[in-house]
Amino acid sequence: MYQDNPLKSISWADYQKLPVTDRATYFCRNGHPYHALFAQQYDRPAMERFCDLATRVRKIAKTRGGMRFLQDLLAEKRAMLYFSQPSTRTFLSFSAACQIVGMQTGEVRDTATSSEIKGETQEDSVRTFSSYFDLLIMRHPVGGFAERIAWLLSNTERPVPVINAGSGKDQHPSQALLDIYTLQRSFEQRGGIDGKSIAFVGDLARGRTVRSLACLLRHYDGVKAYFVAPDALQIGADILQVLDEANMDYEVTDDFASVIPEVDAIYMTRIQDEWDQAQESSSVDTSHYHFTVADLDRLKDDAIIMHPLPRRAEIEPDVDRDPRAMYWRQVRNGMWIRAALILNIFERDGEVDRYYQDLMR
Amino acid sequence: MYQDNPLKSISWADYQKLPVTDRATYFCRNGHPYHALFAQQYDRPAMERFCDLATRVRKIAKTRGGMRFLQDLLAEKRAMLYFSQPSTRTFLSFSAACQIVGMQTGEVRDTATSSEIKGETQEDSVRTFSSYFDLLIMRHPVGGFAERIAWLLSNTERPVPVINAGSGKDQHPSQALLDIYTLQRSFEQRGGIDGKSIAFVGDLARGRTVRSLACLLRHYDGVKAYFVAPDALQIGADILQVLDEANMDYEVTDDFASVIPEVDAIYMTRIQDEWDQAQESSSVDTSHYHFTVADLDRLKDDAIIMHPLPRRAEIEPDVDRDPRAMYWRQVRNGMWIRAALILNIFERDGEVDRYYQDLMR
Amino acid sequence: MYQDNPLKSISWADYQKLPVTDRATYFCRNGHPYHALFAQQYDRPAMERFCDLATRVRKIAKTRGGMRFLQDLLAEKRAMLYFSQPSTRTFLSFSAACQIVGMQTGEVRDTATSSEIKGETQEDSVRTFSSYFDLLIMRHPVGGFAERIAWLLSNTERPVPVINAGSGKDQHPSQALLDIYTLQRSFEQRGGIDGKSIAFVGDLARGRTVRSLACLLRHYDGVKAYFVAPDALQIGADILQVLDEANMDYEVTDDFASVIPEVDAIYMTRIQDEWDQAQESSSVDTSHYHFTVADLDRLKDDAIIMHPLPRRAEIEPDVDRDPRAMYWRQVRNGMWIRAALILNIFERDGEVDRYYQDLMR
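Protein chains in written order, with the numbering used here: chain A, 644 to 1004; chain B, 644 to 1004; chain C, 644 to 1004.
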């Protein structure tokens, strides 16, 4: 499925001209993903590999001996967490994932304290910092920055894999993978994600998690999406076009009440008013897009409620106690899927598989 | 002595109505303390256990092999240091304690960089961060916050023990334990803490370390306390009432000079003028409550001088060289007692005891 | 060569009266360097030991088993990185060096969050923090501060070695050592540093790396230095005097073009305009002191280009791809030499040597 075709073989100018869907082949090495730059780079086998691996890691981690085995897997490697945009939860999740697989970490968080102030280019800064590490996990406010760095390092004597932990408005691949993993895990006994219906609710125009996840769902069979939002915050036409091309079923609506009893999963999101340009949020009554304790009665018994967190008023706190509330487990799923992603990059899957088989025997 | 009665079994409203002395039973699990929330929760056997364990850990740590043994004890666990109030020394002490017992750590220090800015509740933030960890060590400006979090997490699918590393004005249990350990260790050859007299000097009205330590001393026999301070900064009536109820002997005085030759330990404190509401500090000449080189001559040969640090002018720097100056050793005692506290929470005492017995054989 | 003569045996007042060259004997313990305070303390055998050790560590680190061996060497020790002056690259380099040899670390970076704000002296702060650690690595804006702390801790019950990671304008010994290591490694097949000619270019008046490196080169035979800078930024007379006393050959010039074809190494530096007092930098056209792609043709085939980084316009980015551009490798050399320095302080060289000999057999 993947071909060896590293970033080194293409100029930056030519790379940028490529449509997104054609870029992923440049992220591979030894026939499998090396950089993790955007969600669209993954096909179904890759996602299934990550989910399997995450579950194995999670089960192995339940015992003291298992944890020690995991911590041995990448003990000789070091990861740099370069977060020039603050994000405590993503930072801690990646940091915990590194600790689970035994990687030591270094961090650059406040880029104002780095030498950039002395007139150095950002490229030089990141290349310098990366000299000390074997993996870069980076979050940056500028879209495409992680791709730029991956390309740049690929053209040095010491290439290092790059994981995009959020850049700009659109790309945050590990978040999309954790959402897939949460769905997969929740529907494990019910045939997986195939054939399920999923409602996305809230600010669909600007939430990058929804946009990425919706695209990934087209790799599964018979999935139906409901996009539930006021007009001003509805899903973009670009996403609908991707789904159309994949012949994926969907509905666009502003009627949350009628959707609740229909679906297997409800994906709630926060109104991202920090991106408001013309008071899109305050001009709309978003309280119709909240999930309350009263709504629980109308939800299917085996449906689940997800949320990428942080939440404001979208989900009433008393909903937390219902077993269908899956958003707290979703947080931990993020840690497991990130551990899986890292193990996969360094091709240590095989060791996990062998340990797991011994464990299950 | 302790009973299993986890926080889960009581509502937050009912819990808050309990007098402090009745709360401790809710912090236990498997018959021993699980959360460390305030000094008053500990009885004498618990404190003696911590002191014994701290000494064993300290002695084991003297060799390379011993350190490696210790680092193996909790290598599969991770601790979150959540410090929303700055405190480098307490932070480093807990961090070092975690490293000694092999725990990996993550930290949240500047809570302004967390997603709280996006409108998330503090409860949601801490619950999210705790998802990645097995232990929470937290410092917070609001009194009772650590208790609130301990109760909250006890009511989730994934409870995690909570250590209060300082919350509000009153609670900082590991500081009180390190003071007890310093006294115990200093008087090891003289029958321990029983029968000793201890002077507390300086700002007794607002120093939480003095208030906590004074309360713990009532568990020992024949201890006498001297509270030496100007009227405006004297010890609170609430503490004296606790001592009265325990029939503990004490004297309240403003005459430091006459107390010096009488006591086995002098506990110096800093004037905490950051809490001044009506210039309490500047209206008083606090220089009478300083310990100088000249005072060393009048101090008993086997007495000790303590200070929780940081100090200003309370102790002349040249006093440091006197072997009775115990405050620098006190700093390191904090690290050992915190390591003991953590091992006890995870019930790894037994492994330490066995290793220690082999070592002593 | 070294004698045991620890800092403890001399008063601070007497120590300060010593000329720099006489101070180094006070940094030793068990006959070898214990504190790393300034570049001038090292003689040629010490530097050769560090270079050898760095190369062995570097080669051992190439395999997973080798990394695990290294990480075991100082696993029972902890280092404090006390950086009261921001420096991401030096911080990360030392942090990576510690990780390579297995040391756990703690950090104090923003000293404003420490208790210094409560009126504590800096000496008390550092002594408190050092209580939790076995090694201090410190960067401080005040010259001589690391020496002061080394002396202070030597006079306590718990002395701890101190590495100066940059203090004031003049001292940054590990930077000088990494430069020596880069030269040594680059000329390994050509008889080492002896007999080579090296051009220092740019801001020689204020760059501490140039000043330190120039002094160290006098320990090698037949080295010739070219100091290439505009008058306002030329090398100080104090350095020239040191070279004169050692009979080292040098030329002072402002003609970069004519020097390029003559030398074996070009050490480019940044204009440090942050130290400008009277617009020294802006009144000079420094563009004559830039190295461009066009200059590559005139450079010897086996010469190298160095730069301590960060760079601005001194070296054209397209020069990076030339194999003679050594500044990115120089960055990683810093990590290896720092690991060597730390291993040497704790006298773990022997274990490295034995492992290396087994490896080479």
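Hints may be right or wrong, so weigh each one.
Put simply, identical chains are the same to the list, so a pair is met inside one copy or across any two.
Claimed, not checked - Calculated pairs, EDC-like style, for lysine to aspartate or glutamate (alpha carbon to alpha carbon, straight line, at most 20 Å):
no., residue 1, residue 2
1, K702, D777
2, K761, E923
3, K867, D916
4, K651, D965
5, K660, D940
6, K705, D715
7, K705, E800
No wet-lab data here; the hints were simulated from the structure.
Enumerated hints in conflict with the structure, sorted upward: Going through the list in order, the structure violates hints 3, 5 and respects the others.
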